[in-house]
Structures are given as structure tokens and as C-alpha cells.
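K.L.:
Guided by the hints, dock chain D onto chain W, whose structure is given.
Residue-level listing of the chains:
There are 2 protein chains.
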Amino acid sequence: MKQPTTVSEYLIRRLADYGVEHVFGVPGDYVLQFYQQLENSPLKVVNTCDEQGAGFAADAYARLRGLGVVCVTYCVGGLKIANTTAQAFAEKSPLVVISGAPGLNERHQNPLLHHKVRDFDTQLNIFRHLTVAATDLIDVENACCEIDRVLAAAVRHKRPVYIELPRDLTGTVCSCTRNPLPPATGSDPDALREALAETVQRLGQARHPVLVAGIEIQRFGLQKPFMQLVEATGIPFATTPLSKSTLSEDHPLFVGVYEGAVGKEQVRQVVEQSDCLVMLGAFMTDVNLGIFTADLDQALTVSSSSDGSSIAFHQYSKVFLVDFLSGLLAQDLPQRALTADQPSPASSVFEAQAKPITIARLFEYLEIFIDRHIVLLADPGEAMFAAADLTIRHPAAFLSPAYYTSMGFAVPGAIGAQLARPDLRPLVLVGDGAFQMTGMEISTAARFGLSPIVVVLNNNGYGTERPMTDGGFNDIPAWDYHRLPEVVGAGQGFEVYTEQDFDQALKAAMERTDAPSIIDVHLDPDDHSPALKRLTDALGAKVRGEK
Amino acid sequence: MKQPTTVSEYLIRRLADYGVEHVFGVPGDYVLQFYQQLENSPLKVVNTCDEQGAGFAADAYARLRGLGVVCVTYCVGGLKIANTTAQAFAEKSPLVVISGAPGLNERHQNPLLHHKVRDFDTQLNIFRHLTVAATDLIDVENACCEIDRVLAAAVRHKRPVYIELPRDLTGTVCSCTRNPLPPATGSDPDALREALAETVQRLGQARHPVLVAGIEIQRFGLQKPFMQLVEATGIPFATTPLSKSTLSEDHPLFVGVYEGAVGKEQVRQVVEQSDCLVMLGAFMTDVNLGIFTADLDQALTVSSSSDGSSIAFHQYSKVFLVDFLSGLLAQDLPQRALTADQPSPASSVFEAQAKPITIARLFEYLEIFIDRHIVLLADPGEAMFAAADLTIRHPAAFLSPAYYTSMGFAVPGAIGAQLARPDLRPLVLVGDGAFQMTGMEISTAARFGLSPIVVVLNNNGYGTERPMTDGGFNDIPAWDYHRLPEVVGAGQGFEVYTEQDFDQALKAAMERTDAPSIIDVHLDPDDHSPALKRLTDALGAKVRGEK
Numbered sequence: 001m002k003q004p005t006t007v008s009e010y011l012i013r014r015l016a017d018y019g020v021e022h023v024f025g026v027p028g029d030y031v032l033q034f035y036q037q038l039e040n041s042p043l044k045v046v047n048t049c050d051e052q053g054a055g056f057a058a059d060a061y062a063r064l065r066g067l068g069v070v071c072v073t074y075c076v077g078g079l080k081i082a083n084t085t086a087q088a089f090a091e092k093s094p095l096v097v098i099s100g101a102p103g104l105n106e107r108h109q110n111p112l113l114h115h116k117v118r119d120f121d122t123q124l125n126i127f128r129h130l131t132v133a134a135t136d137l138i139d140v141e142n143a144c145c146e147i148d149r150v151l152a153a154a155v156r157h158k159r160p161v162y163i164e165l166p167r168d169l170t171g172t173v174c175s176c177t178r179n180p181l182p183p184a185t186g187s188d189p190d191a192l193r194e195a196l197a198e199t200v201q202r203l204g205q206a207r208h209p210v211l212v213a214g215i216e217i218q219r220f221g222l223q224k225p226f227m228q229l230v231e232a233t234g235i236p237f238a239t240t241p242l243s244k245s246t247l248s249e250d251h252p253l254f255v256g257v258y259e260g261a262v263g264k265e266q267v268r269q270v271v272e273q274s275d276c277l278v279m280l281g282a283f284m285t286d287v288n289l290g291i292f293t294a295d296l297d298q299a300l301t302v303s304s305s306s307d308g309s310s311i312a313f314h315q316y317s318k319v320f321l322v323d324f325l326s327g328l329l330a331q332d333l334p335q336r337a338l339t340a341d342q343p344s345p346a347s348s349v350f351e352a353q354a355k356p357i358t359i360a361r362l363f364e365y366l367e368i369f370i371d372r373h374i375v376l377l378a379d380p381g382e383a384m385f386a387a388a389d390l391t392i393r394h395p396a397a398f399l400s401p402a403y404y405t406s407m408g409f410a411v412p413g414a415i416g417a418q419l420a421r422p423d424l425r426p427l428v429l430v431g432d433g434a435f436q437m438t439g440m441e442i443s444t445a446a447r448f449g450l451s452p453i454v455v456v457l458n459n460n461g462y463g464t465e466r467p468m469t470d471g472g473f474n475d476i477p478a479w480d481y482h483r484l485p486e487v488v489g490a491g492q493g494f495e496v497y498t499e500q501d502f503d504q505a506l507k508a509a510m511e512r513t514d515a516p517s518i519i520d521v522h523l524d525p526d527d528h529s530p531a532l533k534r535l536t537d538a539l540g541a542k543v544r545g546e547k
Numbered sequence: 001m002k003q004p005t006t007v008s009e010y011l012i013r014r015l016a017d018y019g020v021e022h023v024f025g026v027p028g029d030y031v032l033q034f035y036q037q038l039e040n041s042p043l044k045v046v047n048t049c050d051e052q053g054a055g056f057a058a059d060a061y062a063r064l065r066g067l068g069v070v071c072v073t074y075c076v077g078g079l080k081i082a083n084t085t086a087q088a089f090a091e092k093s094p095l096v097v098i099s100g101a102p103g104l105n106e107r108h109q110n111p112l113l114h115h116k117v118r119d120f121d122t123q124l125n126i127f128r129h130l131t132v133a134a135t136d137l138i139d140v141e142n143a144c145c146e147i148d149r150v151l152a153a154a155v156r157h158k159r160p161v162y163i164e165l166p167r168d169l170t171g172t173v174c175s176c177t178r179n180p181l182p183p184a185t186g187s188d189p190d191a192l193r194e195a196l197a198e199t200v201q202r203l204g205q206a207r208h209p210v211l212v213a214g215i216e217i218q219r220f221g222l223q224k225p226f227m228q229l230v231e232a233t234g235i236p237f238a239t240t241p242l243s244k245s246t247l248s249e250d251h252p253l254f255v256g257v258y259e260g261a262v263g264k265e266q267v268r269q270v271v272e273q274s275d276c277l278v279m280l281g282a283f284m285t286d287v288n289l290g291i292f293t294a295d296l297d298q299a300l301t302v303s304s305s306s307d308g309s310s311i312a313f314h315q316y317s318k319v320f321l322v323d324f325l326s327g328l329l330a331q332d333l334p335q336r337a338l339t340a341d342q343p344s345p346a347s348s349v350f351e352a353q354a355k356p357i358t359i360a361r362l363f364e365y366l367e368i369f370i371d372r373h374i375v376l377l378a379d380p381g382e383a384m385f386a387a388a389d390l391t392i393r394h395p396a397a398f399l400s401p402a403y404y405t406s407m408g409f410a411v412p413g414a415i416g417a418q419l420a421r422p423d424l425r426p427l428v429l430v431g432d433g434a435f436q437m438t439g440m441e442i443s444t445a446a447r448f449g450l451s452p453i454v455v456v457l458n459n460n461g462y463g464t465e466r467p468m469t470d471g472g473f474n475d476i477p478a479w480d481y482h483r484l485p486e487v488v489g490a491g492q493g494f495e496v497y498t499e500q501d502f503d504q505a506l507k508a509a510m511e512r513t514d515a516p517s518i519i520d521v522h523l524d525p526d527d528h529s530p531a532l533k534r535l536t537d538a539l540g541a542k543v544r545g546e547k
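Sequence order for the protein chains is W and D.
For what it's worth, the UniProt record's numbering labels the leading residue of the first sequence as 1, then goes sequentially.
For what it's worth, the UniProt record's numbering labels the leading residue of the second sequence as 1, then goes sequentially.
It should be emphasised that the hints constitute simulated quantities derived from the structure, not laboratory data.
Any given hint might turn out to be false.
Looking from chain D toward chain W, a few residues come up when the C-beta cut is under 8 Å (computed) [claimed, not checked]:
hint	residue
1	VAL45
2	CYS49
3	VAL76
4	ALA330
5	ARG336
6	TYR403
7	THR405
8	SER406
9	GLY472
10	GLN492
Positions of the beta carbon are idealized from the N, C-alpha and C atoms, including for glycine.
Isolated chain W, as found in the complex (with noise of 0.2 Å):
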């Protein structure tokens, strides 16, 4: 017989059953008896210094594990999360976010409770731009089935979802009669077969074929089949910034991240060369396409999302990446020879030297430096671009938010990284900035005994505006990063000006397995790398209008 379930105990039950072990926030009296649940439950109650870094780590973990959580109290948590919430949406992450809300009872009889903002639904509403699904739980009748509904949302369309839960109904128990799934939306037969044949048509006549492994690869599980197809066919693949490190990137037919002029010259001239793009799963969006210099021919290119498919000029509504990509699988496809470039592999010495350290110089230290156990993270600025040009060889080891680029993302997303991946040692890349906005959370990942390795990019202000416009709002305050362990109690820090400080520095931080550590780059402000300069310079001119 069965046990009655509450419906907060399905609720949990069932964010379990998707394999979530973690949940990231900051409680509020209006949440407080579901966080009182979680701890009786075995999911672990992760609490950050603010909401917001609760929004980004668990975008983190949602993007290694496949859903993620968030749970917060009723609009003055809910509300400080529409930015990590708006991320997660723009970059197909699957996150589940929880808020508390007034009870029903509360609501009829006090019109105007603490924390509410227009009406009862002005965060409901507000999430509804923000999500694929929301529901709010004030039927005890249908709570089991809405949870259903919405968490089958999120993994379906790998982005976010919103439970608000009254706090009069946490406790009550529900009935789970009904399987609400309704059955995945197939591709059309007939139009996925034109496509299809198009398609082998197209790549039987190209002589430079190329695949594109968009970050649907990565969020649909497809990276096998992609991999299947690569190697039956020959063909050589690119990845772009926000589907980099999806497949291993030493595989022989890796050709590169493709970020138009603004990634390497070599990459942009195999993929712009390419007589047949295939591009599965990937966003055409400006950062992840090189603000605005991609140069790709539409006539020659063949795209296929979880959204649709198009082929040169004509779209199919109804041809989906999942079946778009095992058909071709099935079709008879001619096998290449292994031609794609490789370049030539890197050094694999780095002569430390007593000479201060480059942004070029601490990036060519990284590339031999990383290996399979680190999961790197990249903040926006020059960080995630120059680690785009970084070789990550473990799939999925890089965390950047390539496109909709919400600075204060990796430290934070460390603490969700390393929870959902605990074999991989987290490698924080943040510019002083973006440290400046959620850094602080470097203090919760020592309260949860993790171990990332922040690396400040400290130029003293924004570097990636200064060549577009430049003034008194790019400087920030000069802080002592590496003294923040002293004031948060844990952790090490280290200063560094010279490629021998760095050197010491990172082998110090790799052996302190304990606790965070904070590795504070003094660098030259004018200092940018290559993939900035080029960037910069076509972002100046979108300010000064003169493009």
C-alpha cells in the first residue's frame, strides 16, 4: 500500500528521480518549511552568499548534469534571479526554479504580505517570459501532475521551468493519479526524408564538407552519434564558443572552434571555404558566430536545431535535430580519407620566466597545463575569449556563457561545477570585474569543502570596453584579491606579476585539494589578446555607430 506523499515529498522525489543530488539558494521565511524538508531529504541544501550566485551555480550544475535547481523565497529571491534565469533560457540549460510563495489562506485575508510586489503574480508573470513552463501550485488536486508537466518541460527543451509553491501547501498531501507526459513531438516522415535526401545529395557532391557540433550536442546527449557520423563519414567538425568542449577537442578531424574573424584565421578559412556546412544544433547568434563576422553562405549550408531544420534558402518546420541526425546516420554515406589540417600540436615545456606575465603568456601556460581532471571556467571578457583557443580534451570541460556572456558567472558556476562533477577540478578564469560582482562566493565554496581555482585577470576595470569606448566607468576598485581567504577564513591566495609567480602559484593551488584558492594576475591593462583585439575592434565600431 502505498505511503500518502505531501506535495513537497513528490516534488523532491521526483527532481531525485532526474538525478538531482543538489539544490542551490537562500532561504526566506515563505520558503523556510520546504528548506526544512530538503534537509530531511536526501537532496543537499547548497546556500550561497546571495540569490544570485545560487541562479548561477545551479545553471552550472543544470549544464553538467542535465537539470539543475534553484530555490529561493517568494520576489525578493525570485527576482534577484531573472538574470541567471534569463542565461539559462537564452543558452538551453535545464533548470528547475523553486520559489515560496504566501500561503492561499494568508492571501485572501492580508491583501498586502511582506515581499509582494503588484499582485500575487507579478513574479509568476514575470517567469513566464523567462521559462518554457510555470506553473503555480495552488491546486493540491493537479500539484502532482504540474510538477510532472514542468519538469518534463525543462529536459525536453533544455531550458528553464518555474514551481512556485505556496507555503499552506507544502505539507498537504496529493494524489498522483494521472500521468500528464503527453508523447515527444516526432519530425514529419515525409519532410524529414526530403531533407534527408537533399542533404546526402549536397554532401555527395562537396568537395570540402565540414560538420558544425552546436551546443545541442552537448544538451541532448548527441555527442555519440555526432562522433558516429564524424567517423563514418570522414568528415572534419568544428565547435563554436558556446558548444566548445562538447567533443574532445585532440579527436584527429577536430578542426576548431569556429567564432568567425575573432577566432583562429585557420579555422575561420575551413569552415568560410566549406562547400557544405552541416550545422546540428547550433545557435546563430553573434558572440557564438564572432560579432558579426561570420561570413557563411547560406546557399551552402544545411542547419538542423531542436527548433526546425533549413537547407540553403528553404526550412523544415518539422524536422528535428534528434531525427535529423540519425537519419543521416542511416543513409548510405561515402567515406573520406582523413584529411582534415591538424595543427601542429603545441609545445608541451613552458619556460616560466622571473618576467611579468602576459595575457598571451599565461594563456600558453594554460594550454599545457590543462589536463583531463580540470573543468574550466570561463567569465565573460577576455577570459572567454581567449580560452576559446584553449585545447580541452575532456567533453564537456568548459563552462562559458558564450552568448547571452552575464558577467559574475564562473565563480559561482565553479561551486555548481564541482558538485556536479566532483572527479573534475574546477579552474575559475574571471576577469576583476566580474569578480567584483560575485566573487564573494568564493566563501561558499570553502563552507562546502570545494576546491576551485579562481584565476583574477586583474587589469584594473572592464578591458573589454576600454578599446570600444573608453572613460571613468571602466575603472573599478583595486582590491587585494589574494587577502580574501584571511577575510572569509579559508582558502589560500597568491599575488602574482611574473610567469614564475604563476608557475608557483597554479602547483601550489593544484595541491591544496581542500579549499578554494584565489590566484590574483596583476597585468597590464593596454594587454589583450589576440581574439579581443579582433573583437573589440568590431564591437567598437556596433558603439560608435559606425556600422
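P.N.:
For chain D alone, coordinates are given in the frame of chain W:
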């Protein structure tokens, strides 16, 4: 002959017309051009560490100046201040949110520009929920009229407004031919006459009438007519937590801050036993009125606000506060003898002892310490509830989000407060949990030469929540708050265990007028003020579903 005016120039000029001198924010590429124009204007840019800090600072500035401005980039900036804008909406603070946005030309050419969430209107649509007027300046023909309309709405309704600036329009010349300001909507004369007559009759028959000054008395600048009413009639008056310090608290007819059973018992008796309670510009909110403990007899209550009026159980939807108050003043009201019970004056000497400091003794000290040159900012939690009992002699010298109660307001709020009122020294009372959210903005204060004194009530966690429902989630990591000045390179820190420590620290902080001070006050986690105990008893019953 008039010089041509660009959209940016017009916006900046209109903000200056309203008395704005400072703009708070964080730059980003979609708003860089406008930042440059701000830097070349009479307005001063104040960049904070994170957008959240800018939002709170601008809210505090708005409360003291009549208009505050926060300026951010698209989505990654704007959505970070959804919560701070929600607070301004909930508590009627006239805040202008300016957000950069992609240029109109770019939108057509590149449908997936960076920072975009769902579509180009997502941020605008979200801010429609959080503001009384919102505009996207997509049409240069009516840009000036739209700016006028939206700014006028902020000033009229004392609530946030939203202006979105596509970056390719900021430098465009606009024509400003129309004045779109409609005449202010006044009260219905017949309804006003009837409401006034009934109020006069009730006041004439009452033996213990009491006036309550709500927050709108401050927001609409009605302190003078309110005090004329008090002095013409001799009727004692109270305030609410949100309107605390709207009027000087050393007036002989001031009863105290009314907040139901959470406030002082003497005040509760006077207000609840009144046979004619006239509430002017007050929100009937839960925290504001003592979390469900207010016991007011609606049959004996007259209420008037900017939204309408009511007497007993009937409403006057077209009778508004300004007219009602001036109408009352024009009536022939009887003059009463000054009968308000004055509380016995508190001791003016505090003997600091070498024993551990308690919440009660800390507030006894502050009661004597606070003078006319201080603006007190109290963050939600113990700081806010205990501070409600302090005597604030200087009008508008107390700021606290007493209704919306978003943690993290007070430290960045102090930046806005000191820039708005350079004649006042900010004294911040903040819990350790709230400090960990936004306390690093102390660095922003230092950068702009401000000198807030930040008193951290350090009790190792969310002290307000422990008595309701406790668990590991209420613990927070222990920081050495007093050592943060070493990290941010400015200001001074003090660690306090005893009364004597506190006395010395506060005196030293007062003497240092060129930089911020942090006073880290170690408190027993089980030490609560009487006000907080009464509050958490009431809230705890709600959380546990007992009531």
C-alpha cells in the same frame, strides 16, 4: 535659435531638471555610448561593483531626493535589477531605470544578438510588471514626448519607470514640440465634500482621535500640511515602520511608530484604542502593521492615500490624499489640549562596560548616540525591527525597506543616501547575512570618497529565521568583516565584543570622515531584541502553518 538636441542630451537635461545629480550603474556595450554622454554632462556616474548595488543605491537616492536613476546595459544588466526595481515599486520610490539596447538596425540584421533572452521585447515586457510607465525609444519623432511622459509618471505616482534606449538612437537629433503632460487628476469635488464632512463629524465626536502619517506624507512632500493639521487640532500622531522619520520624532504630540503587537505596547494602546483613527498616506501592509498583529477597528478608521480614500466600510475612489489633507486643513476643527502622553525621556548617558555587548544595549547606546547629522539605514532583520524603536529627530533620516524587506539594501543604500544628502552621515545597521549579499559595495563608497559607518550585527546566520524554523540553511560562513578594508584598500575596520569596544569603535569611525568604516559586532546567536521576538513568534506560527 535653439541648438539641435539629441535623444541622450534631452534625457540628461530632463533628469537634471528634476534635481538629479548622480546616475548609478554598471556600463556594458549596449549602453557605452550613453555612458560617455553622461560623463560629458553635469550628471555624475557612480559605478557600483554589481548592478544590484546600483539599483539599491538609486532607490535610496530617490527616497531622499524625489528622483533616482539607475542606468544599465541590456538584459545582463537590466534583469539583475528586477528585484531592486520591484522594491521601489512596492514601497513607492520614484526610480528611473534606463537600459541600453541593441540598435534598431542591428535587430533586423542579426536576430540573435548577444544578451537577448527570448525576443527583443523580453526585458521591456518584464519591466512593465515592475513600473508605472515604460517606453522603448524606437521612434525619434516622439522620443522627447515619451521621456517627458515617463518621467512625469515617476514623479506623479512615486514609483519606478523604465526607459529603453536603442544604441543607434542615442545620438539622433530629436524634435521636442509637444508637451504631453496631461493635467493632474484631482478629486471629485462632491465626493471630497462628503468625505470631509463625515470626517469632521467623526473627529468632533471622538474623545481619542489619532492621526497616522504614512509613507506618502514623505513621498509627496506633505510633511508641512500634516504638521499644520497636528498643531491646529492638537491631535496626537503616529507613524508606521515604512514612514518612520517622515516627521521629527521629538515633537510633543508624537506617539511613536505603530506596528501592532510588534511595536511598543504604549503606542499600540494609543492607536488601537482610538475612537477615530485618521490614516493619511499609509499602506495597510503586514510587516508595516506588525505581521498580522495589528488590531484596528475599521468602523472607527478614516484612510486617505494617492489611490483613494475610505471611511469605515465605504470607499471614495475619487478622493485623493493631497486634496483630502488640504481640505481637512480648511475645515473648522476644534483645537484640543496637548494631551499626548510623553514617554519619559531616555537617559542621555550610556556607561559602556567591559562586558559582552547585547542587542538591547547596542540599541540603548544608539538611542543616545544618533543626532541630527545622521541618516540611519536599517537592513531587514534584527537591524530593521530593533531600529524602529530608536528616536529619529531629523525628518527623513531613517531609510529601511519596511514593507518589501529585501535583504542587502542598506550598504549600497548608504551610497545613494550620502550622495543625495551630503550633509548627513550614513549609519548602516545590517545583519551578517545581508552584508554577505551586497556588503562589498563598501568599496564603491570608498571610491567616491563617502564615509558610511557600517555596523554588522554578526550572529552567524539568518537570525530572523532561526526562531521560525531552524536548520543548517540558516548558518552562514564566518567572515572577518572588519578586515575587508584591508582587501578593498580603503577605510577602517573594528572588531567589537564588548560595550567598551563598541563605544571606542563608533567614536573612531565618526572621526574618520573621508572613508567608510566597518564595525563587526559579535553577538550571541540567541540574543534577539524584544521587537524581533514578538515578530518571529507571529511569523513562526505562519511558517509552521499553525495560524
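K.L.:
Under 8 Å, Cβ to Cβ, is where CYS49 (chain D) needs to be relative to chain W, so tell me if that hint holds or is violated.
P.N.:
Result: holds, 4 Å to nearest chain W Cβ.
K.L.:
With a cut-off of 8 Å, does the beta carbon of ALA330 (chain D) approach a beta carbon of chain W closely enough for the hint to hold?
P.N.:
Violated - the Cβ of ALA330 (chain D) stays beyond 8 Å from chain W, reaching only about 31 Å at its closest.
K.L.:
Using 8 Å as the Cβ threshold, decide whether VAL76 (chain D) counts as touching chain W.
P.N.:
Holds, about 4 Å.
K.L.:
Any CB of chain W closer than 8 Å to the CB of VAL45 (chain D)?
P.N.:
This interface hint holds because 5 Å falls under the 8 Å limit.
K.L.:
Go through the hint on TYR403 (chain D) and say holds or violated, using the shortest Cβ distance to chain W against 8 Å.
P.N.:
holds (6 Å)
K.L.:
Is the hint on THR405 (chain D) kept, meaning its closest Cβ partner in chain W is under 8 Å away?
P.N.:
holds (5 Å)
K.L.:
Does GLY472 (chain D) pass the interface hint, meaning its C-beta sits closer than 8 Å to a C-beta of chain W?
P.N.:
Since chain W brings a Cβ to about 6 Å from GLY472 (chain D), closer than 8 Å, the hint holds.
K.L.:
Taking the least C-beta to C-beta distance, is ARG336 (chain D) closer than 8 Å to chain W?
P.N.:
violated (32 Å)
K.L.:
Classify the hint on SER406 (chain D) as holds or violated, based on whether any CB of chain W lies nearer than 8 Å to its CB.
P.N.:
With a minimum Cβ separation of about 4 Å from chain W (threshold 8 Å), the hint on SER406 (chain D) holds.
K.L.:
Is the interface hint satisfied for GLN492 (chain D)? The criterion is a beta-carbon contact with chain W at less than 8 Å.
P.N.:
violated (15 Å)
The structure does not agree with the numbered hints 4, 5 and 10 stated previously, though it agrees with the rest.
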